[in-house]
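For reference, the chains in residue letters:
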Amino acid sequence: MAVNRRQFLQRMAATGVAATLPFSLVEISWGMGKKPTTEHESFTFAYISDSHLTHIKGNQFTRNFDQGLRKAIMEVNLMSPRPDFVIYGGDLAQLGKREELDHGLELMSALRPPVHWVTGEHDFYLDMGKFWEEKISPLYYSFDHKGVHFVVLNSILTYEDWIKRWSTPMERMLNMARLDNPQGSPFMVGESQLQWLKEDLAKYDVGTPVVVLSHSPLYKIFKPWNFWTDDAEKVQKLLQRFQRVTVLHGHVHQVLYNQIGNITFYAMMATAWPWPYPVSYVQKPNQVPKLTVFMNRADPFHERDGTGWDILDMDSGAITNHYQLWMNENRTVAFDFKLEHPVDLKYQAPDKRIPPQFHY
Amino acid sequence: MKSLKTWLPALTILALTPLAQGDEFTDEDLKRWQAEYEKVMEKGEKLFHSTLGSNKVSCDQCHPNGANTHPETYPKFQKQLGKVATLREMINWCLKNPLQGKPLPLDSDEMIALEAYITWERRGVPLAPGKH
Numbered sequence: 001m002a003v004n005r006r007q008f009l010q011r012m013a014a015t016g017v018a019a020t021l022p023f024s025l026v027e028i029s030w031g032m033g034k035k036p037t038t039e040h041e042s043f044t045f046a047y048i049s050d051s052h053l054t055h056i057k058g059n060q061f062t063r064n065f066d067q068g069l070r071k072a073i074m075e076v077n078l079m080s081p082r083p084d085f086v087i088y089g090g091d092l093a094q095l096g097k098r099e100e101l102d103h104g105l106e107l108m109s110a111l112r113p114p115v116h117w118v119t120g121e122h123d124f125y126l127d128m129g130k131f132w133e134e135k136i137s138p139l140y141y142s143f144d145h146k147g148v149h150f151v152v153l154n155s156i157l158t159y160e161d162w163i164k165r166w167s168t169p170m171e172r173m174l175n176m177a178r179l180d181n182p183q184g185s186p187f188m189v190g191e192s193q194l195q196w197l198k199e200d201l202a203k204y205d206v207g208t209p210v211v212v213l214s215h216s217p218l219y220k221i222f223k224p225w226n227f228w229t230d231d232a233e234k235v236q237k238l239l240q241r242f243q244r245v246t247v248l249h250g251h252v253h254q255v256l257y258n259q260i261g262n263i264t265f266y267a268m269m270a271t272a273w274p275w276p277y278p279v280s281y282v283q284k285p286n287q288v289p290k291l292t293v294f295m296n297r298a299d300p301f302h303e304r305d306g307t308g309w310d311i312l313d314m315d316s317g318a319i320t321n322h323y324q325l326w327m328n329e330n331r332t333v334a335f336d337f338k339l340e341h342p343v344d345l346k347y348q349a350p351d352k353r354i355p356p357q358f359h360y
Numbered sequence: 001m002k003s004l005k006t007w008l009p010a011l012t013i014l015a016l017t018p019l020a021q022g023d024e025f026t027d028e029d030l031k032r033w034q035a036e037y038e039k040v041m042e043k044g045e046k047l048f049h050s051t052l053g054s055n056k057v058s059c060d061q062c063h064p065n066g067a068n069t070h071p072e073t074y075p076k077f078q079k080q081l082g083k084v085a086t087l088r089e090m091i092n093w094c095l096k097n098p099l100q101g102k103p104l105p106l107d108s109d110e111m112i113a114l115e116a117y118i119t120w121e122r123r124g125v126p127l128a129p130g131k132h
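First to last, the sequence lines map onto chains A and B. With the first letter of the first sequence counted as 1, position 26 gets the number 26 in the numbering used here; the numbers rise by one all the way through. With the first letter of the second sequence counted as 1, position 23 gets the number 23 in the numbering used here; the numbers rise by one all the way through.
Be careful, since some hints might not be right.
Below, in silico cross-link-like pairs of lysine-lysine (DSSO-like), each with a Cα-Cα straight-line distance of 30 Å or less [claimed, not checked]:
#1 A/K97 to B/K56
#2 B/K131 to A/K57
#3 B/K43 to A/K284
#4 A/K220 to B/K46
#5 A/K284 to B/K56
#6 A/K164 to B/K56
#7 B/K56 to A/K135
#8 B/K96 to A/K57
#9 B/K46 to A/K284
#10 A/K346 to B/K79
#11 A/K290 to B/K46
#12 B/K131 to A/K346
#13 A/K352 to B/K56
#14 B/K39 to A/K223
#15 A/K57 to B/K76
#16 B/K102 to A/K284
#17 A/K164 to B/K102
#18 A/K57 to B/K102
#19 B/K43 to A/K57
#20 B/K39 to A/K97
#21 B/K56 to A/K223
#22 B/K76 to A/K97
#23 A/K290 to B/K131
#24 B/K43 to A/K223
These aren't lab readings, by the way, just hints derived from the structure by calculation. Small disclaimer: the values here were computed from a predicted structure and weren't measured.
If we strip away everything but chain A, and leave its shape as in the complex, we get:
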């Protein structure tokens, strides 16, 4: 159900949330380091992801997850200046059901800026993306905005023999939906999409800022939870010739950032629930980026803790990521042109970190 203006104002008055909203964005200027060689206008966009709307029965959905998405939509609508567009980062649904995707579209229809969609595995594996493609968006595509080239990839494909292993579409969906499933299968972009990406990028000068939007991280963090894309190196290779590339991904439900060569990676917040860092599972080794200052350990007694959304701007010439953390202080992670990697503007130095950022 979309929220009308009156309900919206009532809710805002009731919660007093208006006072904490990011009505103005912090301008960040960089006095040193390499700047992009092509000009582009400054602009902002918002990123909402991983809502996992869950159908119970009839018109009932899991309340907690509905509330997360509703809150993000309300806050994006209050942004001033208005973001040029919103990226939805995937996993709108929990089990790819038509009821869940329809419900998601209804909630998302309240958003004022236009939306660019990225599909997630929870949206995809019931009908292999059929409903998504017919009613929501192509599964991969690109667009240009104010001098920046945006590429949307469907990075949650997997191997054919795994797809054919299951007796029903729902059995397949449930096996993909379980994050810690020992019978899971790694994500990949796949050869035909890699060929498309190669052709798509060929038209652009090396100085063009490129932003790649994928659901899974386009690097390898932790295979047992599919914080992983099997052919990530092939994608990275195609992006290598550009001076400034940023990958924005969902899926991991946590603050995570990394730098590999010329590519900066940011994970976006989930509106539904936070996931532990793989370092918290001691039975298997992980490759969690050392660069990341972890988000606060979530307090389960606060339903929205560890969740949120992101505002991104291109003011510095690279992406600056403003994590909107509902129960914690917001964090800003920006590209440092001197260090050539992203840094948290407050917590990056080890002596600036606070106890809840230590996970075990």
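Starting from the known structure of chain A, arrange chain B on it as the hints suggest.
Only chain B this time, still in chain A's reference frame:
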């Protein structure tokens, strides 16, 4: 109270019983006990990945492989409960709140199975009672 005379024959038998029948066990016993544990742990693994409440949410959605449950830190002070709580009490808190379900009796087979799974996934980590 029964007199010593009544007990004497029984005590005599006990005294004559070889010590070997006390607490000696074999590799077979160890295997059987481990298998019994694993059976319960596997039941817990299934429960942990099932929708135990009323809203289709399962434990593993927030805690893949039981991560971030920190069984080694219990009992510990939970400020929202205002007391030192056990892991089982926190499992019930999760069943009631994020899963919108009913709590389990603390000594139920299901509760013991959930505890067996959660602690198995955290095996090898030193005990740290009270830690936050």
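Each hint, compared with the structure:
A hinted pair counts as satisfied when its Cα atoms are at most 30 Å apart, and A/K97 with B/K56 qualifies at roughly 13 Å. In summary, the hint linking B/K131 to A/K57 is not supported, as the alpha carbons are separated by about 40 Å, beyond the 30 Å threshold. With a C-alpha separation of about 22 Å, the suggested pairing of B/K43 with A/K284 holds against the 30 Å cut-off. Of the pairs offered as hints, the one joining A/K220 and B/K46 holds, with about 28 Å between alpha carbons and a cut-off of 30 Å not exceeded.
Using a Cα cut-off of 30 Å, the hinted pair A/K284 and B/K56 holds, with the two alpha carbons roughly 28 Å apart. A threshold of 30 Å between alpha carbons decides the hint, and for A/K164 with B/K56 the separation of about 26 Å falls inside it, so the pair holds. A threshold of 30 Å between alpha carbons decides the hint, and for B/K56 with A/K135 the separation of about 25 Å falls inside it, so the pair holds. Using a Cα cut-off of 30 Å, the hinted pair B/K96 and A/K57 holds, with the two alpha carbons roughly 20 Å apart.
Restraint check for B/K46 and A/K284: the C-alpha separation of about 21 Å stays at or below 30 Å, so the hint holds. A C-alpha spacing of about 28 Å is found between A/K346 and B/K79, which places the hinted pair at or below 30 Å, so the restraint holds. Taken as a hint, the A/K290 and B/K46 pair is broken in the structure, with Cα atoms around 34 Å apart against an allowance of 30 Å. Of the pairs offered as hints, the one joining B/K131 and A/K346 holds, with about 26 Å between alpha carbons and a cut-off of 30 Å not exceeded.
Restraint check: the Cα-Cα separation between A/K352 and B/K56 comes to about 40 Å, which exceeds 30 Å; the hinted pair is violated. A distance of roughly 27 Å separates the Cα atoms of B/K39 and A/K223; the hinted pair therefore holds under the 30 Å criterion. At most 30 Å may separate the alpha-carbon atoms for a hinted pair to count; A/K57 and B/K76 exceed this at roughly 38 Å. Between the alpha carbons of B/K102 and A/K284 the distance comes to roughly 33 Å, so the proposed pair goes past 30 Å and is violated.
Restraint check for A/K164 and B/K102: the C-alpha separation of about 38 Å exceeds 30 Å, so the hint is violated. A C-alpha spacing of about 19 Å is found between A/K57 and B/K102, which places the hinted pair at or below 30 Å, so the restraint holds. Under the criterion of a C-alpha separation no larger than 30 Å, the hint pairing B/K43 with A/K57 is consistent with the structure, at around 27 Å. Note on B/K39 and A/K97: the hinted pairing is violated, with a Cα-Cα distance of about 34 Å set against a maximum of 30 Å.
Between B/K56 and A/K223 the CA atoms are separated by roughly 26 Å; this keeps the pair inside 30 Å, and the hint holds. Under the criterion of a C-alpha separation no larger than 30 Å, the hint pairing B/K76 with A/K97 is inconsistent with the structure, at around 40 Å. Restraint check: the Cα-Cα separation between A/K290 and B/K131 comes to about 24 Å, which is no more than 30 Å; the hinted pair holds. Between B/K43 and A/K223 the CA atoms are separated by roughly 25 Å; this keeps the pair inside 30 Å, and the hint holds.
Of the numbered hints stated above, those contradicted by the structure are hints 2, 11, 13, 15, 16, 17, 20, 22, listed in ascending order.
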